[in-house]
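Undergrad: Spelled out from the first residue to the last, the chains are:
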Amino acid sequence: MSLWTFFVTHRLETTELALEHLRLVGVSMLLAVAIGVPSGILLTRHPWLEKPVLGTANVMQTIPSLALFGLLLPAPWIGARADRLAILALTLYGLLPIIRNTYAGIRGVNAAVVEAAVGMGMTDRQVLLQVQLPLATSVIIAGVRVAAVISVGVATIAAAIGAGGLGEYIFRGLSMVNNQLILAGAVPAALLALLADVALGLVERRLRPAG
Amino acid sequence: MTSTCQGAFIVELRRVSYRVDGGRELIRDITFGVRAGEVLVLLGRSGSGKTTTLKLINRLLIPTSGEVLVEGQSTLAWDAIRLRRRIGYVIQETGLFPHFTVARNITLVPSLEGWPLERRRARVEELLSLVGLEPQLAERYPHELSGGQRQRVGVARALAADPPILLLDEPFGALDPITRADLQREFKALHARLKKTAVLVTHDLREALFLASRIALFDSGRLVGLYSPGEFLCTSDPAAVQYRAAFEPAWDSAGSIRSGGKELKV
Numbered sequence: 001m002s003l004w005t006f007f008v009t010h011r012l013e014t015t016e017l018a019l020e021h022l023r024l025v026g027v028s029m030l031l032a033v034a035i036g037v038p039s040g041i042l043l044t045r046h047p048w049l050e051k052p053v054l055g056t057a058n059v060m061q062t063i064p065s066l067a068l069f070g071l072l073l074p075a076p077w078i079g080a081r082a083d084r085l086a087i088l089a090l091t092l093y094g095l096l097p098i099i100r101n102t103y104a105g106i107r108g109v110n111a112a113v114v115e116a117a118v119g120m121g122m123t124d125r126q127v128l129l130q131v132q133l134p135l136a137t138s139v140i141i142a143g144v145r146v147a148a149v150i151s152v153g154v155a156t157i158a159a160a161i162g163a164g165g166l167g168e169y170i171f172r173g174l175s176m177v178n179n180q181l182i183l184a185g186a187v188p189a190a191l192l193a194l195l196a197d198v199a200l201g202l203v204e205r206r207l208r209p210a211g
Numbered sequence: 212m213t214s215t216c217q218g219a220f221i222v223e224l225r226r227v228s229y230r231v232d233g234g235r236e237l238i239r240d241i242t243f244g245v246r247a248g249e250v251l252v253l254l255g256r257s258g259s260g261k262t263t264t265l266k267l268i269n270r271l272l273i274p275t276s277g278e279v280l281v282e283g284q285s286t287l288a289w290d291a292i293r294l295r296r297r298i299g300y301v302i303q304e305t306g307l308f309p310h311f312t313v314a315r316n317i318t319l320v321p322s323l324e325g326w327p328l329e330r331r332r333a334r335v336e337e338l339l340s341l342v343g344l345e346p347q348l349a350e351r352y353p354h355e356l357s358g359g360q361r362q363r364v365g366v367a368r369a370l371a372a373d374p375p376i377l378l379l380d381e382p383f384g385a386l387d388p389i390t391r392a393d394l395q396r397e398f399k400a401l402h403a404r405l406k407k408t409a410v411l412v413t414h415d416l417r418e419a420l421f422l423a424s425r426i427a428l429f430d431s432g433r434l435v436g437l438y439s440p441g442e443f444l445c446t447s448d449p450a451a452v453q454y455r456a457a458f459e460p461a462w463d464s465a466g467s468i469r470s471g472g473k474e475l476k477v
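The listed protein sequences correspond, in order, to chains H and R. Sequential numbering of the first sequence, starting at 1, is according to the numbering used here. Sequential numbering of the second sequence, starting at 212, is according to the numbering used here.
FYI, nobody ran anything at the bench for these hints, they're computed from the structure. Quick caveat: nothing in here was measured; it's all calculated off a predicted structure. Backbone N, C-alpha and C define an ideal beta-carbon position, used for all residues, glycine too. Heads up, a few of these hints could be off.
[Claimed, not checked] Among the chain R residues that face chain H by a calculated CB cut under 8 Å, a handful are: (1) Ile-302; (2) Arg-330; (3) Tyr-352.
[Unchecked claim] A short list of chain H residues far from chain R (calculated; beta carbon distances all over 12 Å): (4) Leu-54; (5) Pro-76; (6) Asn-110; (7) Val-118; (8) Gly-173; (9) Leu-174; (10) Leu-200; (11) Arg-208.
Work out the full structure, taking the sequences as your base and the hints as a guide.
TA: Rendered as structure tokens:
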């Protein structure tokens, strides 16, 4: 049975797993952006926070994903359902690239432009919203793209704790020593990663300021 | 010093020193006043404290000791935002917002101040013609302009809300010598018409002599003296003599071309 006929005969199941996968990634990315971008902005206002915050996010990144899923299991409410657990873990993995790029993007805005903005009487909020964030957009979205691609990959491992997603096929294939089943999970996951990257690239082009 | 002076000076520094947090003293014990309508040029080598002094006036920096008065009131007593919107600020060309059109750059302060759209649009047209730019440049972005055009936009932007005071930090420094000479002439004509009080930072002696009503010579964070352009050429103050000597070769008949060098070696 070829991979193609597998997808045809299992189209409902495959679609369902892909959607599950997409949901894990989508929700965790929204959370990661909602937490990461403001944190990055906060770092630019209070530079002494840089080392502890980026350090913590860095450590998160180094914890093997399987271990992180396991470590979070005993957490109350979160640990009660596998998908909550997976979303929390994916969010933590997404934070580092988003915080770091937000911070670097804002810090990278030409100092003379920021000085002109302040010198002409913009409030801190106006400088942030009208000058710094628009000029840092590309760098921030580049961080979100990295986070999303990593997240699609890591989400396959969420199947190990029963959170579903395309990892189901991979783990099933591993235990049955069935390469085709592994591919049936891996190929769509790779396609999802590419899709997420391209989609965010389009978002970037829309949001990037002219000029 | 002087209740008599207080009314006469639009901007006044009284024994002002500024020290970087826990570090070097950038300027020390500076005292001078700027009269209404004059162009005071802060002249000095790189690192002599001119730009620091300028930034103390619009409160981008706060003096470590001493007092900076704008229109008779300490900058610390001013609301920083209000103060800055009353002071036009021109810095080297990079200060334009790259993601705003020329029109939006120019009307930055008017839009912050909530001017209606029609009034802003009219103001853009008025200012573009004032600084000698075509009205169709309004919808361009800064990177589509030449260096000279960008600098003209910078001046227009500073004038937009009709502030009584202008601060200019090396406004013509990044331009080629010929464009620079054009802009200096235009600035002088503009100043003669608008009579704004201006404080201009430069290291270029020729520019200082051409534009200044008075020159404040800075050296290593200290104010060496205040001179009219005529006095500056005659004074025997060692720092002024040294500064003149650095420009001496540019002084002969070919001077206008040779004075283009930016760095000074004394």
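Undergrad: Could you check the structure against the hints above and give me the numbers of any it violates, in ascending order?
TA: As far as the earlier hints go, 2, 6, 7 and 11 are violated by this structure, in ascending order.
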